[in-house]
Structures are given as structure tokens and as C-alpha cells.
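Given next are the chains, with one letter for each unit.
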Amino acid sequence: MGTDTIRVVLADDSPLIRAGVKAMLAAIDEADVVAEAESLPELEAAVAEHAPDLVVTDIRMPPTHTDEGIRAARAIRADRPECGVLVLSQFSEPEYVLLLFADGSDGLGYVLKQGIGDVAEFRRAVLAVAAGGSSVDPEIIDVLVSARSLEAGPLSRLTPRETEVLAAIAEGLNNGAIADKLVLSEKAVGKHIGSIFAKLDLGGLDDVHKRVKAALLFLSS
Amino acid sequence: MTGLAFYGSPMANQTLITGLGGSRTVGPGVAPIRDFAVLDAISAGIAGVAILIVNLTVVSEPGVYLVPVVMAVLVGALLVARRMVLAGHVIASLALIAASNWATTIVVVGLLPWLLPVMVLTVLMPLVLAIPHLDARALSWFLVGAVATLVAIGLLGIGRDDGGVVDDIADEWELVVIVAGLAGHAAPIGLIVWQANRQHREATEDALDLAAQLSDSRRRLVEAADAERTRIERNLHDGAQQRLISVAMALRLRGDDSLQPLIGEIEGAMDDIRELSHGISPPLLELSGLPAALAAAARRHGSIELDLADVGRHDRGIENAFYFCGLEALQNAAKHAPNSAVSVSLAVVDDRLRLVVSDDGPGFDPTSAAPDSRGMTNMADRLGSIGGDLLISSAPGAGTTITAEVSC
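Chains as they are written, first to last, in our numbering: chain A, 1 to 221; chain B, 1 to 408.
By construction, these hints were calculated from the structure, which means they are not laboratory data. Careful: at least some of the hints might be erroneous.
Sample of chain B residues facing chain A (criterion: CB under 7 angstroms; computed from the structure) [as the list claims (entries may be wrong)]:
| no. | residue |
| --- | --- |
| 1 | 214 |
| 2 | 215 |
| 3 | 246 |
Rough simulated footprint, nothing fancy, chain A against chain B, three-plus residues with beta-carbon under 8 angstroms [unchecked claim]:
| no. | segment |
| --- | --- |
| 4 | 250 to 259 |
| 5 | 312 to 322 |
Ideal Cβ positions, reconstructed from N, Cα and C, are used throughout, including at glycine.
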């Protein structure tokens, strides 16, 4: 990936949505849309032709209008580790994120279409995923946080503050972004994360994997 | 005192379904009566002729000539009964068959008391013939007639050691005639037995056939409705929802704060459509199966304790039935037991897929009217269409537990 430009292939069968997302991407200086597709075969062809740094794709597209985007994302990640995939969805159930992350969350992002419009938020997701990180729409994390309050399980061992930090990890934020979001010092965030990893028995893994593991635990619990 | 209500068991369905063939002819029809009348007439004719020949050649007893005469009358009556049944007068025809046979037995036993054992069979035949054709009330009159005739021939025949009009008949001839008479009944009795058996088998096959057809058509109706719901959900998703999303996106891109209330309205409309879609057809169910779809549904209904085993994928019909049952149960709990602890569990137990939704709310008395019988009927119908069972267990103050099961 070049240091300056993120080459993007955009796939969505709705011309309206494509136009909107294209406008969003145009507002992000680093991103450059090199091709558009409105079906799974077209997406596959465009990825083969342009070898993009990032694919931004709808979930339901022709031919079957079911889970084309999720299947494409997992296939692209398996074939082209250098290409990130940001999935656009109208579904706010975390279960879709788990389907997407079934083989790991690196280089994958999940953004709700209904939330797109905040350029800064969208830019963060685009950059994170193109750089091989992951990103999950904050609304989905909110759904989980609000549903979780009374449940048992390893996550019940976390303090409310630690749960907030974990939710931010699941969104794909780095320590600096978490510190900004929760109005904490980066050092305090680091301490919380250490405590979370210990409570979730993630001690042995390297930091990136710990973060992914913790995020998946959070999403699936 | 826990009350139980059982809906949708396969046996109950079949019993119900066989009752729905209202347009079909009920009862075995006229053919058995017609055939019996003919065969009985032939037997009586043969018996009359045989007795006539024996009397002409061996016995030569004037009184015996009365027997062929009585037989001839019986044959005539049976042929009339045949015409009557073909004209649709079933009860009258049966009554004539019975009365003519019974009158014949009284005369024959009066003449030849040692023929009593043979005539007992003759008395019983019309009664057995009538069983499948009559209602209980009419049949009881036939029973009275048969018993009265038996009493009459018993009084005439038992205790008499004379030969009746044939005073000096040899014992061996008596035996031959009795055996021949008993054997002669084999044909009409055989006919009744065979026809009754055939009718029973046909009726059972028809009922099973009808049950299978109705269960198929019920399944097809549910499948068609589900396909239609999927289509509607897709139209909402790809139509109205997409348009609203693109409008909201375009408005947000303007970066104009005064548009925020408008965007808020659009977001509200999108939420409404999304909520509507969930109740219509959940795409997550098709994509990921029951545990994920039920988890998402439970989450929308607040904090709910989940124990969802990875039960794998099942038939589309089974997954739909279980999902909508679970949804209905969650909605019932939210409506009738707000603020209670609700739990949902899904597992495969003994090769049966089982979904249990329970709450610790106020419960209800299932022996009186169910609080939301339409919802429960929906659940029972859904499960019935896949041959599953629904068990609703509740009592006032003891919460409500809804269990759905199907073989898998």
C-alpha cells in the first residue's frame, strides 16, 4: 500500500447508495475510488483487475441478494492479505459481525449504512481497515453494551469502565483514540487494557491478537 | 396446580383432519346391502330347492313342503329389498331383509325344531349386516328384533325332542341337514365379513390420504406465506430503506446543522422499517440459523438469559417455525409478564430440537381462556405445519413456560 493513496473498489447494487458512499470517499483525501461494481461477479472481476487496497462492499447484492458481501470479504481476505474489506450493512445485529469475523477480524470492518454521513467517523474506519486493522460500527457496540448489563460470563468480571474500554477495543479504536473517546490519559487506557486482558485470561497472546480476541469475546458473549 | 395445554401433536392433527372431509359420502354405501340381499336370496333358493328335492325323494312328509314355500317368499322379499336399497331406501331395505329372515326362522323352527342351531345364525346375519349402516338408535331396534326372534325360536325349538313335522327322521339325516345348513351360511357371512373389512380398510386409507393431503397443503400454505414475507422484507430492505439511507447520507454530506431535525426524522423512519422487517422475515435466520436469529430477537426484547446450543442448520420450515414461535413467546412475555426474568434455551435433546421460553411473571390458568389465544394458535399452527409439538405450561403466580419440539 502506498503511503498516500488508498485505492478503493466500491460495490453496492443501489446506485443511490453508491453515489452517497462515493461522495463520502471523495471527502476522504487518502481514498481514491478506482472501480465500482453492482454484483458479486463484478466485484470479483474489479478486485482481480485493480488489485485495490480496500474494498467497500454491500452485503446483499446480485445474484442471490443474501450474503454476497460477507462471502466476498472472507474470500478477498484469504486471497489478498494486503487488501482490507469494509462491509456496508443495514443490519445492526452483532451476529453479522461475527459471521464476517469468522476467520479473524484483521483487515475487516463493519459499518452501518444508516450511520454513514459523519466523514470523520467513516474516515477512521476506512484508514483502520486499509491498514489491516478492524473496525465495528459504534451503534452495534452500543446494542451489545445495553443488552449485556445483567448477564453472567467472563465479561461480568469487568468494571463498568473496563467494559467501556473493551467496547472501544471492539470498535477497532487504538489506545490514543480510546483515550480521546473516554476522556482518559493514554496511560490509564493502557492500565485498563492490561486489567481486561488479565481478567479475560488473554495473558499469553501478543497485543494485536489480544485485542482481536477480546473484541470477539465481547461481540459473541 | 400446573395446567397443561397440548397443541399440534401429530395424532391430534390427524383426528381433526379426518373430520374435515365433509363433502365425501360417509358410510359404506348401498353395494354391501345389495350384494347381501342377492346372495341371501340365492342361499335361500338353494336351501328351498334342496329341501323340496329331499322331501320328494327321501322324506315325503307333506308338512315339509311348507319350507320351500317360505323360502320362496323369503327370496321374493330379498329381491324387493334389493330394489329398495338401489332406490336409496337403506333403512327400509335392511328392515325388510331382517324381518323376512326372522319370520322365516320362526316358521322353519316351528316346522323343524332341530334346525334351531342353523336358524340362530340366520337371525344374527341381518343384525351384523346392519351395523355399519345405521345410527345407534336404529341399530338398537334391530337388536331388539333379533333378540325377540331368538327368544321366539328358542321357545319353539329348545326342549322339544320330537322332529316337528318330520317325526321319524333318522339322526344321521338330521345331522347332515344341520351341517349343510350351517355350511350354507358361510357365503353370506363371508360376504359380510369381507365387505366390512374392505370398507374399514378403504375408510382408513381415505382418512390417512386426506390427512396427508391436508398436512401437505398446510405446509405449502406456510411455505408460500414465508416466501411472500421474505419477498416483502427484501423489498423493504432494497427499496424504502435504501432510499431513506441515501437521502440521509446526502443530507449529512451537506454538513448543514439546520438539516439535523430532518435527518433525525429519516432515522426514525429507518428504525421503524427495520423493526417491521424483523417481524416479517429475519434475514439473519436464513444466513446464520436459529441460535443467531434467536439471540438477536432476544436482545431486542431486553435483557434475557440465553442458553442457545449450536444446533446446526435445519429445514427452512423448521427454522421459521421455531423462530416465529420464539418471537411470539418473547412478545407474550413482554406483554403479559413485563419486568420478569425471561430465559430462552435451544438444544437438541434425544434427536428432538427443543426451544424453551419461560418467564417468572404472573402466569395464567390454562384451563380457562389463554390470555393471548391468537398468538398461541399461531404458534400451534406453525409447529403443526412441521409436525412439531407445542407445550404451554403455566399457573397463576407460577410464570409461563412455552416449549416447542420437533423430531430432527
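Quiz item: What are the numbers of the hints the structure violates, in ascending order?
Solution: Violated: hints 1, 2 and 5.
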